[in-house]
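J.: Can you make the complete structure from the sequences, with help from the hints?
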Amino acid sequence: MDRQNPFDEIESLFDRISSEFSEFEPATGLGGTIAVDVADTGDAFEVTADVPGYTSDDIDVTLPDPRTVRIAASQETTRETGDEERRYVRQERTSRSTSRTVPLPDRVETDAAEASYDNGVLTVTLPKREGGEGTDIPVN
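Counting along the sequence shown from 1, when you hit position 93 you're at 1511 in my numbering, and nothing is skipped either side.
Hints are computed from structural coordinates only; laboratory data are not their basis. You can take every hint at face value.
Ranges of calculated distance between the beta carbons of each label pair, as one might list FRET restraints:
id, residue 1, residue 2, range
1, Ser1492, Thr1528, 20 to 28 angstroms
2, Pro1484, Tyr1506, 44 to 52 angstroms
3, Arg1508, Ile1435, 28 to 36 angstroms
4, Thr1451, Leu1431, 22 to 30 angstroms
5, Thr1473, Phe1425, 49 to 57 angstroms
6, Glu1427, Arg1525, 41 to 49 angstroms
7, Asp1536, Gln1509, 27 to 35 angstroms
8, Gln1422, Glu1548, 56 to 64 angstroms
9, Asp1426, Pro1470, 42 to 50 angstroms
10, Ala1530, Pro1424, 56 to 64 angstroms
11, Glu1494, Asp1426, 45 to 53 angstroms
12, Ala1457, Tyr1506, 39 to 47 angstroms
13, Arg1488, Gly1538, 12 to 20 angstroms
14, Ala1530, Asp1455, 18 to 26 angstroms
No more than 25 angstroms apart at the CA atoms, straight line, and that leaves these computed lysine to aspartate or glutamate pairs for DMTMM-like:
id, residue 1, residue 2
15, Lys1546, Asp1468
16, Lys1546, Glu1532
17, Lys1546, Glu1464
18, Lys1546, Asp1536
19, Lys1546, Asp1461
20, Lys1546, Asp1524
We put the beta carbon where it would ideally sit given N, CA and C, even for glycine.
T.: Structure representation (structure tokens):
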């Protein structure tokens, strides 16, 4: 008598669910996350992030530690008060924010980091820290 594995059906269900949600992975930039690419240029890491609809003043780039970069963007739309000629029938553009923390493969020089923003694309250049292999400590 052949017995069917009871977990086969559950595994099949999880596969179907995963395939349905694959288009909403964070790498696509959907769901409030920032899509990023991290490239190793030899002497630096270059992080390219899509942050459309924000200005450079809306974006904060921080290095919480030498192996992590955090990109945050927030924008607040002010509502005009005292404008009697304009009455909003619908107003959906209020405040919005998004952020992404990206681990880096190696330590970087935090003081030498640079960032630029052009046409919705943020580029952060993070020079690698010299001697990233660590230090040998002799054992006596």
